[in-house]
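**Q** Heads up: the sequence lines are chains A and B, in that order. By my numbering, the letter at position 100 of the first sequence is numbered 100, and the numbering carries on one by one without gaps. Remember, my numbering sits 247 above the position in the second sequence when you count from 1.
Because the hints were derived from the structure by calculation, they are not lab data. A hint or two may mislead.
[Claimed, not checked] Pairwise CB distance ranges, derived in the manner of DEER restraints:
1) 148/A / 336/B: 50 to 60 angstroms
2) 375/B / 246/A: 36 to 46 angstroms
3) 296/B / 112/A: 55 to 65 angstroms
4) 426/B / 246/A: 18 to 28 angstroms
5) 34/A / 426/B: 38 to 48 angstroms
No residue lacks a Cβ here, since even glycine has one placed at the ideal position from N, Cα and C.
The residues making up each chain are set out below.
There are 2 protein chains.
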Amino acid sequence: MKITLIGGGKLGEHLYKVLISVGQVQLLKWVIRSREESLTPEGINIVNKIDQDEKCDIYLIAVSDNSIKEVVQLLPKDSFVVHTSGSISLKEIKRDRAGVFYPIQTFTKGSDVNFSEIFVGLESKNSKDLMILKKLAKHIGSKSFVLNSSKREQLHLAAVLVNNFTNHLFAEANLICKKNNLPFDILLPLIKETVQKVEKLSPKNSQTGPASRNDSETISKQIKLITNSRLKKIYKVLTSAIQECND
Amino acid sequence: MKITLIGGGKLGEHLYKVLISVGQVQLLKWVIRSREESLTPEGINIVNKIDQDEKCDIYLIAVSDNSIKEVVQLLPKDSFVVHTSGSISLKEIKRDRAGVFYPIQTFTKGSDVNFSEIFVGLESKNSKDLMILKKLAKHIGSKSFVLNSSKREQLHLAAVLVNNFTNHLFAEANLICKKNNLPFDILLPLIKETVQKVEKLSPKNSQTGPASRNDSETISKQIKLITNSRLKKIYKVLTSAIQECND
């Protein structure tokens, strides 16, 4: 399977690494528009223009959401163009052969991702192309499932909650630790248990703490403790949300 | 080391399990005020009254915050009374021999906790008693550190953020999944990576997603997607908070 990868951001970097590591995939080129033409240490050409005569099975587009359509317009007609975004509907891609390959994961510099532990949501305008996407997922060891655009945007929202928002709560906790000269590591066993529980129990049955037991005394104490208005808002909104879900 | 455990709630149950499992601790009795007197399968007496003549090294109190002082009053004078709460200041316990044994963990029915992976914050009114608490932590395999009441309440707040609030975000994501007929398991690799990242990188450097890259188009799209006002508030507050921390 011949692939041209487009995009040199965090997802692009991670896709590059996995694509060159599997035998069944031949990575033809890595298109990074903002970079000088060069060769990767593994001998793949980095280019900044699309070759219209190139024959490849998939153009895999890992650029920011608002650049996807612009990039698609640069790609050869009749080629199979596939984006990787959680929030761009397939309808928006005005091509007969368009698809989505949405890895449900967060990609960060400095944290390697094991694709064999990831789910990938697939969508395409025709069923033949869907088979190509299924194969690609299999080649990189990921579990895949068909996911239409409307469900994909819902799943993307859920992903923002469990990753971006959760990570922000960790950041706020980290600030509290720093201010009090306490190492953040003290919280790691608790964070791990939070996740381990959710693998065994439903999140609703896992809920503990002052909000879930309607312990108004501790809640008022904690609100008083918080000096910064950003955290105060977070505390109040999430406490009310837990209490509402308790009912 | 002779211990009387007081409280039959979630923390009490978990403490019971670990206390009977270590050789260096002798659990004299388990006081559960709301239960009939009986014998546990492991042969420990469950009682609902305090024996004033009992000699034990620690009365370990794992009852709800608003019952702690009431329970302390029932305990023999000159005994070492130790509560396990994150938010009750040691000053509030009007005894010469009082202490705190605060395990930084969430305790849930149906999820066993490995005490050897937990940090316990210790505090006591005198240094001799602090040694007893350090020993207890060592006996059950936990890492311990001295934590005064004011830092303890800050750490408790941080624990609420990383556990209770995070778990609520999981609950909201679970509702989205259910509504869209998607298994919550799809999100587990993402949740695990969120935690794995925070062990390697600071939460600030781990942040990804629409809010952190100021992707206002995706943010407005997602706000429109959310039909329930509770989640809309959470989304807006956490998105603003991430953006504020970006600056």
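**Q** Looking back at the hints listed earlier, which ones does the structure fail to meet?
**A** As far as the earlier hints go, not one is violated by this structure.
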